[in-house]
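Line order of the protein sequences matches chains A and B. Going by my numbering, 175 is the number at position 175 of the first sequence; the sequence numbering is gapless. Going by my numbering, 636 is the number at position 335 of the second sequence; the sequence numbering is gapless.
These aren't lab readings, by the way, just hints derived from the structure by calculation. Where hints are given, some of them may not hold.
Said to hold, decoys possible - The following label-pair restraints were derived from C-beta to C-beta distances:
#, chain 1, residue 1, chain 2, residue 2, range
1, B, Phe686, A, Gly281, 26 to 36 Å
2, A, Ala13, B, Thr636, 55 to 65 Å
3, B, Lys332, A, Lys119, 20 to 30 Å
For glycine and all other residues, C-beta sits at the position ideal for the given N, C-alpha and C.
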Amino acid sequence: MSVIINICGVLIATSNFPDPTLRSFYQDYYHCKIEYTKEESSYEVQPTQTIYDLFPKNPTWWPIFTSDQLDSESYKNIVRHGINPGVILPNDYFSFIEYFKIKKAVNEGAIPIALYQMKTPKYFAAKATFSTAIGLRPLGAMIETGWDQNIISQPAGNYFIQSKNSNDLNVPARIIQYKQQFFYNTTIDPTQSSGYQIILNPPLNMSVNNIQYPNLGISWKIHNTNYRSTTEGIETNLLGYVFIVLSIVVIPLDYIFSAHYPSLLSTFGSSISWISLLFGGILLLILIISIIRRRRINARN
Amino acid sequence: MPAIDVLFLFGFLGIWIPQAFWAWLSFQAWKYSKNAARELENLPIPEQWPILSVLIPAYNEGVVIEDTLHAIAQQDYPEHTYEVLLINDGSKDDTLEIAERMAAIYPCIKIVNVPKGMGGKGKSRTLNNGLPHANGELIVVYDADSTPEPDCVRLLAQTLLADKKLVAVNGKVRTRNWRDSILTRFIAIEFIFFQWIFQGGRWQRFELSTLMGTNYIIWRDALETLGGFDEKSLVDDTEMSFRIFLGQRRIKWVPYAVGWQQDPPSLSVFIKQRSRWTQGNFYVTSKYLPIALRKPFPIGIEIFNNIMCYVLFVPALIWSHITLSLGLLGIAGITLAGPFTLLWGLSFCLYVAQMWFTLSLERAKPQLYFFSVLSYITYSQIFLFIVFKAAYDMLKNKIQGNSLQWYKTERSKERK
Chain A
1 MSVIINICGV LIATSNFPDP TLRSFYQDYY HCKIEYTKEE SSYEVQPTQT IYDLFPKNPT
61 WWPIFTSDQL DSESYKNIVR HGINPGVILP NDYFSFIEYF KIKKAVNEGA IPIALYQMKT
121 PKYFAAKATF STAIGLRPLG AMIETGWDQN IISQPAGNYF IQSKNSNDLN VPARIIQYKQ
181 QFFYNTTIDP TQSSGYQIIL NPPLNMSVNN IQYPNLGISW KIHNTNYRST TEGIETNLLG
241 YVFIVLSIVV IPLDYIFSAH YPSLLSTFGS SISWISLLFG GILLLILIIS IIRRRRINAR
301 N
Chain B
302 MPAIDVLFLF GFLGIWIPQA FWAWLSFQAW KYSKNAAREL ENLPIPEQWP ILSVLIPAYN
362 EGVVIEDTLH AIAQQDYPEH TYEVLLINDG SKDDTLEIAE RMAAIYPCIK IVNVPKGMGG
422 KGKSRTLNNG LPHANGELIV VYDADSTPEP DCVRLLAQTL LADKKLVAVN GKVRTRNWRD
482 SILTRFIAIE FIFFQWIFQG GRWQRFELST LMGTNYIIWR DALETLGGFD EKSLVDDTEM
542 SFRIFLGQRR IKWVPYAVGW QQDPPSLSVF IKQRSRWTQG NFYVTSKYLP IALRKPFPIG
602 IEIFNNIMCY VLFVPALIWS HITLSLGLLG IAGITLAGPF TLLWGLSFCL YVAQMWFTLS
662 LERAKPQLYF FSVLSYITYS QIFLFIVFKA AYDMLKNKIQ GNSLQWYKTE RSKERK
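Please model the entire structure based on the sequences and the hints provided.
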């Protein structure tokens with residue numbers, strides 16, 4: 001099912017009629033009212049992707065890569081040109097290889113972006129805290145499920161919004177500011193010709209002369225403790241730093257904070273025991289290798 | 302959540318947090334072992350060797366003093382700038398006769414007798430009595446049971462002279478009589494472990510190590526600035542280390558200057574000696590805690606280590622034992638979900654692996670590897686008793702208004 005909407009006389013088929021906030025963005029940035037149209041209209045219905053070309057402005061963009069694309073020629077080309085692209089942190093867990101690959105990219109200037117799921121904002125907070133602890137402090141949030149009017153109630157910062165399917169109406173291709181939040185139209189389609197867009201995994205042949213960085217920075221909140229991640233560093237209180245350290249040994253942090261005493265202690269005890277087992281095992285392995293090496297050296301001498 | 306779970310969790314964290322810290326120090330120790338080997342190869346030889354005085358406090362040391370004087374008099378430090386002062390603290394055995402005989406053989410040996418009425422007040426008082434008789438710019442301290450290797454004093458001096466920020470250098474102390482009893486084998490292992498991890502590891506990471514009371518060298522002017530040895534403290538070495546840290550200066554531990562010493566072969570002597578050390582550690586921790594809070598580095602690191610050991614680790618170990626006993630007796634069991642039995646096994650393996658790791662840095666005899674496995678259920682558990690005894694004795698002295706009691710470690714004949 002889709003609905004037909006009228007944007008400045010152009011008919012677009014979308015999956016839903018946009019909410020008031022999204023309509024207000026079109027009003028503010030494209031100076032166009034979005035109106036509901038009956039399906040019987042005789043005019044030709046356009047796909048949603050064509051909207052952005054109807055409102056001309058010099059095309060600018062910024063690249064974001066998924067972690068599996070960090071070895072691609074396109075990524076290397078972007079870095080070679082001195083551009084700091086975004087890199088999306090894996091959503092569920094890091095394998096060691098993946099972590100070191102992303103860490104290397106971040107050390108070379110890539111900007112970590114964490115995935116934001118509207119249904120589980122606490123998970124994002126835990127993930128961002130943990131990522132900060134392991135040196136991958138996010139400076140933006142990526143929303144893969146398209147525009148949702150609940151985004152405006154989320155913490156300050158920049159949000160890269162990618163439509164879930166081609167019929168969804170995304171935010172205008174502009175830098176959209178709403179109070180302390182910034183929203184960006186994010187797409188995998190590199191054929192943009194107008195406005196500002198975030199291009200996910202751009203191909204090698206894209207021009208790098210019109211790169212424009214977004215307003216980097218994101219905030220989140222854990223257990224009434226506020227974090228503000230900026231290009232300068234992390235801003236939080238003493239408890240915030242304690243949580244950052246704690247996030248390394250307590251899994252999953254978001255689950256801990258949604259639990260109540262006494263299950264809070266049980267969860268803490270249980271998760272820290274698994275972490276200890278992992279660290280202890282690695283440590284034991286290192287010690288055994290060192291002992292064998294030393295004994296061999298001693299025997300040689 | 303049942304009380305036993307909370308108890309268990311405290312025990313678990315109290316053991317694992319120090320364990321993780323010490324494991325990290327093991328890694329630092331490994332790095333330091335490589336650095337120290339390079340340092341030894343490149344130690345600069347001074348153009349002029351300063352006058353060096355070795356101080357040996359002695360009270361009833363007839364059993365060990367002859368070997369000690371032989372070893373110290375035969376050091377390869379240039380002899381025209383070298384003297385050995387045997388400070389006889391009113392010995393009632395044949396210490397003085399042996400020392401006089403040795404002085405006749407080795408001209409570098411001088412005997413200083415502590416005047417009557419001023420002796421028997423502990424090692425620090427004896428050293429303070431001997432210090433005015435020393436001519437050296439450099440002061441080396443050895444216990445009366447120490448037999449350093451022939452190049453030990455020279456290497457200590459070379460290290461100290463090579464680095465201006467150093468006030469003192471401590472050499473490695475090994476157990477000479479490790480074959481005497483099972484206890485001395487355990488002590489030998491513990492000394493190797495302790496020194497590599499806490500002295501070597503901390504030096505590597507924080508440029509921090511403490512004096513160990515014997516086999517160390519210190520600038521005389523620094524010693525005098527510090528006001529000599531603290532006569533109130535039962536651990537003059539630790540106390541002096543803290544005062545050096547306050548002056549933002551450094552003490553270095555080096556593994557290549559090796560001194561051998563006798564350690565107590567009997568349990569009763571061992572418990573008395575360690576109880577004294579523990580009381581001394583309590584004393585310096587309480588004395589310097591307010592300063593450590595104001596100046597976290599470097600004194601805070603040292604105090605933090607003591608607190609972690611005595612306030613976190615030891616009580617956690619006791620809680621852990623209680624939880625285990627309650628579980629084994631079927632009185633109460635923990636309900637926490639987690640691989641805790643596996644972790645207990647891992648903890649044991651890590652303990653043994655860390656011991657073996659430091660033994661491998663030393664080319665230790667194979668049987669010491671075997672004894673380090675046994676030490677987990679034997680020697681290590683004695684420390685719980687020692688900490689309690691020290692705390693009890695200290696509390697008793699406090700209530701009764703007694704000052705800290707000096708106890709001199711008794712010597713014994715060694716198996717040759």
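Hint check:
1. For Phe686/B and Gly281/A, the hinted distance range of 26 to 36 Å is satisfied, since their beta carbons lie about 32 Å from each other.
2. Taking the beta carbon of each, Ala13/A and Thr636/B are about 57 Å apart, inside 55 to 65 Å as hinted.
3. Distance hint for Lys332/B and Lys119/A: a CB-CB separation of about 47 Å, inconsistent with the stated range 20 to 30 Å.
When the structure is compared with the earlier hints, a violation turns up for hint 3 alone.
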